[in-house]
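Protein chains: 2
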Amino acid sequence: MTRSPFPKSPITDLFGIQYPIIQAGMVWVSGAKLAAAASNAGCLGLIGAGSMKPDLLRSQIQKAKKLTSKPFGVNIPLLYHLVEEQINVCLEEGVKIFFTSAGSPKKWTQYLKDHGAIVVHVTSTPELAKKCEEAGCDAVVVEGFEAGGHNGRDEITTMCLIPQVVDSLKIPVIAAGGIGDGRAILASFALGADAVQLGTRFALTIESSAHDNFKKAIQNAKSGDTKLVMKQLVPVRLLKNKFYDQVIELENRCATNDEMNELLGKGRAKAGMLEGNMDMGELEIGQVSALLKDIPTCEQLVQDLISEYHKALTRVS
Amino acid sequence: MTRSPFPKSPITDLFGIQYPIIQAGMVWVSGAKLAAAASNAGCLGLIGAGSMKPDLLRSQIQKAKKLTSKPFGVNIPLLYHLVEEQINVCLEEGVKIFFTSAGSPKKWTQYLKDHGAIVVHVTSTPELAKKCEEAGCDAVVVEGFEAGGHNGRDEITTMCLIPQVVDSLKIPVIAAGGIGDGRAILASFALGADAVQLGTRFALTIESSAHDNFKKAIQNAKSGDTKLVMKQLVPVRLLKNKFYDQVIELENRCATNDEMNELLGKGRAKAGMLEGNMDMGELEIGQVSALLKDIPTCEQLVQDLISEYHKALTRVS
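From first to last, the protein sequence lines are chains H and A. Under this note's numbering, think of the first position of the first sequence as 6, with each following residue one higher. Under this note's numbering, think of the first position of the second sequence as 6, with each following residue one higher.
Since the hints were made in silico from the structure, they are not lab data. Since the structure is predicted, the reported quantities are computational estimates derived from the model, not experimental observations. Mixed in with the good hints there might be a few duds.
Since the list gives no way to pick out one identical chain from another, each pair is judged satisfied if it fits inside one copy or across any two copies.
[As the list claims (entries may be wrong)] List of simulated lysine-lysine pairs, DSS-like, C-alpha gap at most 27 Å: (1) Lys70 x Lys275; (2) Lys13 x Lys316; (3) Lys220 x Lys112; (4) Lys135 x Lys221; (5) Lys245 x Lys232; (6) Lys275 x Lys38; (7) Lys75 x Lys227; (8) Lys245 x Lys136; (9) Lys101 x Lys227; (10) Lys118 x Lys232; (11) Lys245 x Lys75; (12) Lys135 x Lys227; (13) Lys175 x Lys316; (14) Lys118 x Lys70; (15) Lys112 x Lys136; (16) Lys135 x Lys316; (17) Lys175 x Lys227; (18) Lys13 x Lys136.
Next comes chain H alone, as it looks inside the complex (with noise of 0.2 Å):
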């Protein structure tokens, strides 16, 4: 392994990487394909395992073996109903890089450890960070507001939140939000963080299972083209549509939760971003969205950003 560009970080070692960025696990958009490029570029990656049934999982992770040698993890959000078959699944798969999300740390941290595994939590304040430490995680990620997808209530900026998450713990911190070159991770660096989460970035290369159309769409995503919604069921941060416009005009009345659970039905995240539903689909993507123009490979992708990093680097030095 060379040496590399970035500042030493803890997260290297953790996971035996070469640079210390990870590429996000996302619904519908990183598979097998996606994680094993982000792994052989230097990075690590994630399979989003989300909605996926069991079955499913097993059989992407072991394509994801085929496709790389390199460390590889999965994300697994622990509020789908079968997360404990998919634990197993990974488990018996032989994965020892587990990012847990969507519910509360205590519940499956101890029983992965127990199993060998390391345990990254994804969360989105301090106080909910500080529970991570204490309910034995290796390291955490802290996403800011300006994140894609499923976030926190209390709408803490990925500049706010890294200090104030840095001060506080003693595990390693990966800063997640609004992360899209090699500036942002010079920033994050610069603000105390020991790696960095990429995830709307990642979903716009070449391997990123995203449908075609919403590639498109996130590359013409101008600024503004973002929104935090539906903050009374669980927040999501979607790309402007017809569907958008919808929750809006639900929100924009007061609609209780059952007319919203109503309008988003089952399949709108999978017919948007997988299948290119671009009316009527929930795209899930994060601001920064607004800045990226380009599909790249990962393997191109991360050259860039370490050439950006050293740009911006030898500005402020």
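With the hints as your guide, set chain A onto chain H.
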């Protein structure tokens, strides 16, 4: 003037100041005393004209001129009904640096420049920043979602906003929102900003005219204790208190703008921030308040910012 410990910035030359740090103009918080202290410490101090009657503004400018021989400026929110009188008072008193906000940069920029002034407009989106450049502004302040007080509707965070603006503008860019220590200054420069504007951090100094009760409340603020509300009127980030609870109660039942205006009434910001009514006052403050614990003098603050900046720079190099 000794060499700045920060990277070379067009902003220090533009204003003739030592450090690329602006003390934000803040209603009820930044009078002559704070502006002069910030300028004496090597930053650019700004008198927040906010709701000052023209005569009061004149006396504050005269007072600042006695307290400092260094450059200082005035921040003028353009929606105030006496804005023309305010501007003429400033010009009569020889003010040469104007930060305008809350209105179109087209309205006053040329007039001020015709009178030999430097004009900076405060805005919250890349598109509006472009309009500032087109209107002839010498620089822009771009303020992220995490900033205190009045804010934009697009909710773009500092991390996402700065890179987009610096990529599309030729004039210097001043970053604002969420910047409370030297780490965040380095992060802002990493993202491409030429300077930073700090509001909440300067509100919590000895020389700030915030009421002691308000300063204590800022010191005690925890993560999640501020929120952007009143989005149907003019979005404003407030510290949570009894008044905030009443705002939320109205918002949760989709009350009309008339009802909200009736609750808001008149003089609430003054009652809270200047007079120390912590229950029913309107307490405008940024999300970064959760990070701030001390109440330094401006001189001490600037020394701390420099030392934190260099500690962070060593970390990332």
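Verification of the hints:
1. Lys70 x Lys275: Intra 25 Å, inter 63 Å, cutoff 27 Å: intra-copy only.
2. Lys13 x Lys316: For lysine 13 and lysine 316, both the intra-copy (18 Å) and inter-copy (15 Å) Cα distances are at most 27 Å.
3. Lys220 x Lys112: neither (35 Å within a copy, 40 Å between copies)
4. Lys135 x Lys221: Classified as between; 25 Å across copies, 38 Å inside a copy.
5. Lys245 x Lys232: Cα proximity of lysine 245 and lysine 232: in one copy and across copies (7 Å, 23 Å).
6. Lys275 x Lys38: Within one copy, since 17 Å is at most 27 Å while 58 Å is not.
7. Lys75 x Lys227: neither (36 Å within a copy, 41 Å between copies)
8. Lys245 x Lys136: between (34 Å within a copy, 24 Å between copies)
9. Lys101 x Lys227: neither (38 Å within a copy, 36 Å between copies)
10. Lys118 x Lys232: Neither. Shortest intra-copy (36 Å) and inter-copy (37 Å) distances fail the 27 Å Cα cut-off.
11. Lys245 x Lys75: Neither: 37 Å inside a copy, 48 Å across copies.
12. Lys135 x Lys227: Close across copies (14 Å), not inside one copy (35 Å); limit 27 Å.
13. Lys175 x Lys316: Answer is between; shortest inter-copy Cα gap is 18 Å, intra-copy 30 Å.
14. Lys118 x Lys70: within (21 Å within a copy, 64 Å between copies)
15. Lys112 x Lys136: Result: close within a single copy only, 12 Å intra versus 51 Å inter.
16. Lys135 x Lys316: between (34 Å within a copy, 24 Å between copies)
17. Lys175 x Lys227: Intra 38 Å, inter 20 Å, cutoff 27 Å: inter-copy only.
18. Lys13 x Lys136: Classified as within: same-chain Cα gap 26 Å, cross-chain 42 Å, threshold 27 Å.
Violated hints, listed in ascending order, are 3, 7, 9, 10, 11; each of the other numbered hints is respected by the structure.
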